[in-house]
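Colleague: As a plain string of letters, each chain reads:
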Amino acid sequence: MRYDPPGWADRLDARLLRKWNRTIRCWFRFYGSEPLYKIKDPPRSDSTLASPFFASEPPTDTTGPVVEAKWSPQPLLPITCVGLERAQELCDRGLLGRRTLHAEYAEYRVVCRRDKTGRRRPKRVEVTTELPDYWLCVARHDPLKVREMATEVLGFEPSWMQLYGIEPDQITGTPRARERELERRFAQQVTGVGAGSLDRLPAHLKDVPEQPTGSLNRGRLLCMTFSLNRLGDLIEILLMGAHPWAAAGPAGPRPADFHAVFRVLTGPEFACRRSDPVFIAEGQDAAFNGFKLALANPPGIYMLGFTPQVFRFQDKPLDDDHDWVRFSRGAGKGYRQRLEFGPPDELADVFLDDIIVDDGTEAPRPLTGGFQVLQQLEVGVRLVRWGPTSVAPGQFEYPGDRRDWTPCNASKRCGDVLEMLDGHEQVRVPKS
Amino acid sequence: MGSLQEGIYHNCSNCTGPHFTVLLLRAVDGATAPRIGGLLGRLWSVYQNLKNGVVVDLPGQRVPSGELRVLVGYGRNVFTRPCVGRRAPPELLRYGFASPKAGSKDPVPIMPNSGIRYDEDVFDNPAEADIAVQFTARTQIAVHRPIVETWKCLRDLQQDPVERERAAAEQAPVVPLEMAGFFSGHQRDDRRSWIDFHDGVNNLRREERQAAISIKPNADAGWATGGTYMAFIRIAVNLTAWRALSRTEQEHIVGRDKLTGAPLVRDGQGKGRPAPGCPVSGTSDVLQGGNEPFREQRFPELLPDSHVQRANNHRRQAPEFRASSRIYRQGFEFLEPLDTAPFFRAGLNFVSFQDSPERLHTILTQDRWLGGRNFGGDPKPTRGGSWLLTARAAGMFLVPPVVKDERFPGHSILGY
Chain D
1045 MRYDPPGWAD RLDARLLRKW NRTIRCWFRF YGSEPLYKIK DPPRSDSTLA SPFFASEPPT
1105 DTTGPVVEAK WSPQPLLPIT CVGLERAQEL CDRGLLGRRT LHAEYAEYRV VCRRDKTGRR
1165 RPKRVEVTTE LPDYWLCVAR HDPLKVREMA TEVLGFEPSW MQLYGIEPDQ ITGTPRARER
1225 ELERRFAQQV TGVGAGSLDR LPAHLKDVPE QPTGSLNRGR LLCMTFSLNR LGDLIEILLM
1285 GAHPWAAAGP AGPRPADFHA VFRVLTGPEF ACRRSDPVFI AEGQDAAFNG FKLALANPPG
1345 IYMLGFTPQV FRFQDKPLDD DHDWVRFSRG AGKGYRQRLE FGPPDELADV FLDDIIVDDG
1405 TEAPRPLTGG FQVLQQLEVG VRLVRWGPTS VAPGQFEYPG DRRDWTPCNA SKRCGDVLEM
1465 LDGHEQVRVP KS
Chain H
1401 MGSLQEGIYH NCSNCTGPHF TVLLLRAVDG ATAPRIGGLL GRLWSVYQNL KNGVVVDLPG
1461 QRVPSGELRV LVGYGRNVFT RPCVGRRAPP ELLRYGFASP KAGSKDPVPI MPNSGIRYDE
1521 DVFDNPAEAD IAVQFTARTQ IAVHRPIVET WKCLRDLQQD PVERERAAAE QAPVVPLEMA
1581 GFFSGHQRDD RRSWIDFHDG VNNLRREERQ AAISIKPNAD AGWATGGTYM AFIRIAVNLT
1641 AWRALSRTEQ EHIVGRDKLT GAPLVRDGQG KGRPAPGCPV SGTSDVLQGG NEPFREQRFP
1701 ELLPDSHVQR ANNHRRQAPE FRASSRIYRQ GFEFLEPLDT APFFRAGLNF VSFQDSPERL
1761 HTILTQDRWL GGRNFGGDPK PTRGGSWLLT ARAAGMFLVP PVVKDERFPG HSILGY
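Order-wise, the sequence lines are chains D and H.
According to the numbering used here, the residues represented by the first sequence are 1045 to 1476, in order.
According to the numbering used here, the residues represented by the second sequence are 1401 to 1816, in order.
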């Protein structure tokens, strides 16, 4: 089977589609050979992430149902670490918040404008779930196409300098060398390379920073850049879950406890997020019961649900059809990857904070940023599930019954969040 | 870290009886948190005595306690009282219920975008209380007696000359709490609800409950770790509207076969049919042994607009994780008399426990959950324009943990 571009948002020619499919297969191959257990003295040393219960693509003849692994993309870790109100302040803190905390496969940016008095106020929120790997793939093989995509998203045609830091025509060499250079430069300018696989990056991307340095995807929002919001990270966590994780029981194997699974797979931070436990649960449930999974076509992170009715303007709730709710980058409901929410620039006197978040409390609050918008979003990944077949005794993975793990609010990542909070509060209240 | 209060059925030693009341107490004007705490401490002693069969007006006598269990919760209002000892957890403030509005043209949703609205004649929500006390027991008298004993205690205090003198000196109310109301209910041994369908089939398993409902360590209210949040909604059911629907319509709204309780799955045409093989051979009901796999409804082919699908939209996720939005429901049906035909009101005391009120908020308000839906099916009133479900009261309460050396759970909130 051939995967189409995420959300069927773009029309790709056959060559580009092949390249996109190759990118997906490469990540499966790369992570499939990684050891399954991430702890010292694992129960089995020969287990790899590759799983007979997760295919790199579904068989063409499958009629299995499509299931949705879905979650709220509002970042949970900072809420646990510093509380709801401070988490909101930090996540809404521009590029720093995006790069540090938007860890649930959705990133946002707040567009600000000046009002009549000259005060800078939030005007709109832009949210994206677009995978940077897809953009990078297109950019490597078809600069004109990626510029067309960027134009659609931005509303203006970006310069080659903004996209690549150079005119593509000035890049010379063999076709393969040219592609690599295009990829390197686009990664540098627009996508970064993330953190999930830094040690295994191809040589031409070794010197590319984790986060992009160009202005296009820093000051604006083209696709996700958070270090773990990438296709490889998604595939890795899906493969981690898709094993028959079991505990020995008197009547045979039973599903293993989640914390026992997390303990042997990842750090505690993963259990403190919303999305990763969803993937582990979906994979374990399928594998334990002998079902197989694959990414459904087209693979991507999609905005599956949005509840704008809790936002009120001039005492009327907004709804899905309101022209301040603008979805794009996807063919139809359930396949959208981008949301712009808020009044357009033509309404010069109306701002985002004129919208009231009416969540039932006695004092409804103004809408000030993306954190409140994410709360009303549901995002997810579609998976094809087929089978079942029987699970052979040797296929069960036994993570042990140790449930000990670091509480989320004491994890290392929380230390990073607290550090960020410290910096934030120093900015707010300069020390004398 | 403290532990969960009693009255929540999360392990064998915490079995709750089938009878229920919830008492709602409201602070009067001028009441300070320490004064509320003093009175609540006194009431707590009364309730502990009742657990031992000791009634204040029957010295030396013992009455059956009915295995009474008492749980106390705190609404957001109590955190606004003077001299309060703790800051309200932001989640309690953010994910509360809306107030009914007197004079409103349309019935007010209990939460924005919730399809459940306050009844047309509800202008004052008694569950917007400072304190809720849940009583569960094996007998009806055991859950009714604390209501009367509470009244006695408040009345005795009101008439106590020493207290009156002290209150006058402090320019404070003699009795800082008043009863805002109480509601009672009972469980059913047929495990069905008034709409005749099975209810609570897909509730959390006992072993899953504590992990889903205990507040995890957090930065907002670390002192509440090990406690939980209790939601209470008194829901009236419009049986006239319900019975105007055909059995097929009812089954599609609920997502179950009315007789056997088998979950409905989509056939090739998208219509519902009972899950193949349910109930298993030799049984006639989904609750009978052997049908366990059909109770959790992990089928991807469930009817997308049915109540069972929308009430548990993230069904394969581990309940302890917030993304699952799983809650533990401990509901009690009710039937109360009315002065006019049909001379009764039937319904459900919806009681749920969760580690964050965000979970219930998601279920009741989000588009792909029950947001905009009154119960299931289309987001519209049933035939004839009336709503199937309406709320008589709705409240969210922090249920603090039991902490060693605290006089009663949550004493520290009241600034002792």
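Honestly, the hints are just simulated from the structure, not real lab data.
You may find that some hints are simply not true.
[What the hints assert, rightly or not] Derived DEER-like restraints, expressed as beta-carbon distance ranges:
1. K1360/D / D1667/H: 52 to 60 Å
2. D1429/H / L1391/D: 42 to 50 Å
3. N1411/H / R1046/D: 46 to 54 Å
4. K1360/D / P1464/H: 35 to 43 Å
5. E1649/H / C1070/D: 46 to 54 Å
6. P1388/D / T1480/H: 35 to 43 Å
7. E1806/H / K1084/D: 40 to 48 Å
8. D1506/H / D1397/D: 25 to 33 Å
9. E1649/H / D1397/D: 38 to 46 Å
10. D1429/H / K1360/D: 46 to 54 Å
11. R1158/D / G1622/H: 35 to 43 Å
12. F1743/H / K1360/D: 37 to 45 Å
13. R1157/D / G1622/H: 35 to 43 Å
14. F1357/D / A1572/H: 41 to 49 Å
Ideal Cβ placement from N, Cα and C applies to all residues, glycine included.
Colleague: If any of the earlier hints don't hold here, list their numbers in rising order.
Modeller: Numbers 1, 4 and 10 - these are the hints that the structure violates, sorted from lowest upward.
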